[in-house]
Amino acid sequence: MSTPALHEAISKTFDIGWVREQFPSLQLKINGQAAAFLDGPAGTQVPRRVMDAVQNYFLEANANTYGAFLTSRRTNETIASARAAMADLFNSSPEEVVFGQNMTTITLGLARAIGRELKPGDEILLTVLDHDANYSPWRVLEEKGVVIRTVDIHESDCTLDLDDLKSKLNAKTKLVAVGYASNIVGTINPIAEITKLAHAVGAMIYVDAVHYAPHGPIDVKALDCDFLVCSPYKFFGPHMGTLYGKKEHLERFKPYKVRPATDAVPECWETGTQVQELIAGIHAAVEYVAELGRRCDPAVKTRRAALLAAYLSTVAYERTLVAPLIAGLLAIPGLQLFGITDPSRFAERCSTVSFRLAKGTATDAATFLGERGIFTWDGNFYALNLTERLGVEKSGGVLRVGLVHYNTADEVDRLLIALREMNRSTV
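Position 13 of the sequence shown, counted from 1, bears residue number 8 in the numbering used here, the numbering being contiguous throughout.
These are computed hints drawn from the structure, not numbers from a lab. Cβ coordinates follow ideal geometry from the N, Cα and C atoms, glycine included. Please note that a few of the clues may not be correct.
Straight-line Cα separation of at most 25 Å, DSS-like style, residue types lysine-lysine; simulated pairs [as the list claims (entries may be wrong)]:
no.	residue 1	residue 2
1	Lys216	Lys241
2	Lys139	Lys163
3	Lys114	Lys296
4	Lys241	Lys252
5	Lys249	Lys296
6	Lys139	Lys216
7	Lys242	Lys252
8	Lys296	Lys139
9	Lys161	Lys191
10	Lys216	Lys191
11	Lys114	Lys216
12	Lys241	Lys354
13	Lys296	Lys252
14	Lys252	Lys167
15	Lys114	Lys163
16	Lys252	Lys216
17	Lys242	Lys163
18	Lys216	Lys242
19	Lys161	Lys249
20	Lys191	Lys242
21	Lys167	Lys191
22	Lys241	Lys191
23	Lys139	Lys114
Ranges of calculated distance between the beta carbons of each label pair, as one might list FRET restraints [what the hints assert, rightly or not]:
no.	residue 1	residue 2	range
24	Pro115	Ala300	21 to 27 Å
25	Leu54	His194	32 to 38 Å
26	Gly197	Asn51	46 to 52 Å
27	Tyr251	Glu55	47 to 53 Å
28	Lys191	Ser390	18 to 24 Å
29	Tyr251	His194	39 to 45 Å
30	Pro319	Tyr251	20 to 26 Å
31	Ser88	Glu55	25 to 31 Å
32	Ile11	Asp47	45 to 51 Å
33	Ser390	Ser151	16 to 22 Å
34	Ala318	Glu90	17 to 23 Å
35	Lys139	Asp337	48 to 54 Å
36	Val310	Phe53	20 to 26 Å
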């Protein structure tokens, strides 16, 4: 389907005007121009309903859990409702949903708990493509004599080398930790295939879905993954982390916790008092995506079906943005783009693009764009192994553009015009 035809087809189900109305921060202006938030991978903007949910919690339910009074009971209900909402997002049971401070803290805690049962010589398989929060927490277990092995990439398109992965899996492999999508080059990994490979040697799999969550549907049942973690602030919610864990694993492994804390799953994994107002915001973020799905497909009957309908539309819409973005970037003389660039393979990537201009640093480019109201990120974004592997770490990393479904074609055009202007002034 041609790009104009695709735009027309999407416009019948996806209302970008309604979407942008939900996000008050998109009204921000810089030097008289509307801000273009192309910084989604570091945290998306949030819809009004998320802000309202956080405020309403403080107004109507601000108390700790399991007290013998109204606001405490409301807090219990807030957490239970949010757990059910995240279960619909994951396609899991609410008993398999754990809330935590953030993805990094959740992974550190789970790595320590799993490490209780590992012995010297056991192996964990990691990847060059991952955010360091799915790398360093597992490396800590080297202190116990655990062997860490790392899967390489195909440098030409920044995809995982699955042959290398297969060669490093063996009977000693106890866990494979892998990202669902790269937060720097946008590569979407074949998680179902990797899970089958891991399970074939008796290993568990831990999936970092933080970057994937705003760009595609998650189905832990279909994937058969053992653990999957994401961060609501990457999919239009507040700054927290959420973990899916198979109930059998949450019951089997023992978390580090204080003595009076419950041993019941999943609460035993939630160290200390939770940030309950933000949990209310998580529920609202899921409901925002579901409401978008109901607008895209009024026939849906369940929240899970509404979430799937939303992703069906947003994935297609984001494709109409990233295709001209990549084409425009490749036309800029001297620009080096990392990752998949073949339009026939765009199903293997999400709408996150990183590159370097012919001259100047990534920070120079981000500053130039920021002064024009175009928000992008520069650096390594904690994907340290990848920037080192690509040889760009010592020279300042890359410039990253991250599109989500509240972005527009006009913003992409503004970005390309500004980059061409900067490139002419530096080449």
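Verification of the hints:
At most 25 Å may separate the alpha-carbon atoms for a hinted pair to count; Lys216 and Lys241 meet this at roughly 10 Å. Between Lys139 and Lys163 the CA atoms are separated by roughly 20 Å; this keeps the pair inside 25 Å, and the hint holds. Between Lys114 and Lys296, the direct Cα distance comes to roughly 48 Å. Violation of the 25 Å bound is thereby established for this hinted pair. A hinted pair counts as satisfied when its Cα atoms are at most 25 Å apart, and Lys241 with Lys252 qualifies at roughly 20 Å.
For the suggested pair Lys249 and Lys296, the alpha carbons sit about 38 Å apart, so the restraint of at most 25 Å is broken. Annotation: proposed proximity of Lys139 to Lys216 is violated, straight-line Cα distance about 32 Å (limit 25 Å). For the hint pairing Lys242 with Lys252, the CA-to-CA distance comes to about 18 Å; that is within 25 Å, so the pair holds. A distance of roughly 50 Å separates the Cα atoms of Lys296 and Lys139; the hinted pair therefore is violated under the 25 Å criterion.
Of the supplied pair hints, the one linking Lys161 and Lys191 holds, its CA atoms being roughly 11 Å apart against a limit of 25 Å. Simply put, Lys216 and Lys191 have alpha-carbon atoms about 13 Å apart, close enough for the 25 Å limit, and the pair holds. Between Lys114 and Lys216 the CA atoms are separated by roughly 29 Å; this puts the pair beyond 25 Å, and the hint is violated. Of the pairs offered as hints, the one joining Lys241 and Lys354 is violated, with about 49 Å between alpha carbons and a cut-off of 25 Å exceeded.
Proximity of Lys296 to Lys252 is assessed by CA-CA distance (about 40 Å); at most 25 Å being required, the pair is judged violated. A distance of roughly 29 Å separates the Cα atoms of Lys252 and Lys167; the hinted pair therefore is violated under the 25 Å criterion. For the suggested pair Lys114 and Lys163, the alpha carbons sit about 18 Å apart, so the restraint of at most 25 Å is met. Distance restraint check for Lys252 and Lys216: the Cα-Cα separation of roughly 29 Å exceeds the 25 Å cut-off, and the hinted pair is therefore not satisfied.
At roughly 28 Å between alpha-carbon atoms, Lys242 and Lys163 are farther apart than 25 Å, so this suggested pair is violated. At roughly 12 Å between alpha-carbon atoms, Lys216 and Lys242 fall within 25 Å of each other, so this suggested pair holds. At roughly 30 Å between alpha-carbon atoms, Lys161 and Lys249 are farther apart than 25 Å, so this suggested pair is violated. A C-alpha spacing of about 19 Å is found between Lys191 and Lys242, which places the hinted pair at or below 25 Å, so the restraint holds.
Using a Cα cut-off of 25 Å, the hinted pair Lys167 and Lys191 holds, with the two alpha carbons roughly 16 Å apart. A hinted pair counts as satisfied when its Cα atoms are at most 25 Å apart, and Lys241 with Lys191 qualifies at roughly 16 Å. Under the criterion of a C-alpha separation no larger than 25 Å, the hint pairing Lys139 with Lys114 is consistent with the structure, at around 7 Å. For the hinted restraint 21 to 27 Å between Pro115 and Ala300, the CB-CB distance of approximately 48 Å leaves it violated.
As the Cβ distance of Leu54 to His194 is approximately 47 Å, the hint placing it in 32 to 38 Å is violated. A hinted range of 46 to 52 Å holds for the C-beta pair Gly197 and Asn51, which are about 47 Å apart. Against the hinted window of 47 to 53 Å, the Cβ-Cβ separation of Tyr251 and Glu55 comes to about 34 Å, which falls outside the hint. Checked against the given bound of 18 to 24 Å, the beta carbons of Lys191 and Ser390, roughly 39 Å apart, lie outside it.
For Tyr251 and His194, the Cβ-Cβ distance of about 27 Å falls outside the hinted range of 39 to 45 Å, so the restraint is violated. At roughly 49 Å, the beta-carbon separation of Pro319 and Tyr251 lies outside the given 20 to 26 Å, and the hint is violated. About 28 Å separates the C-beta atoms of Ser88 and Glu55, a value consistent with the hinted range of 25 to 31 Å. A C-beta distance of roughly 22 Å is found between Ile11 and Asp47, which places it outside the suggested range of 45 to 51 Å.
Ser390 and Ser151 have their C-beta atoms about 20 Å apart, which keeps the hinted 16 to 22 Å range intact. Distance hint check: the CB atoms of Ala318 and Glu90 are about 41 Å apart, inconsistent with the given range 17 to 23 Å. At roughly 43 Å, the beta carbons of Lys139 and Asp337 sit outside the given window of 48 to 54 Å. Between Val310 and Phe53 the Cβ separation comes to about 35 Å, which falls outside the hinted range of 20 to 26 Å.
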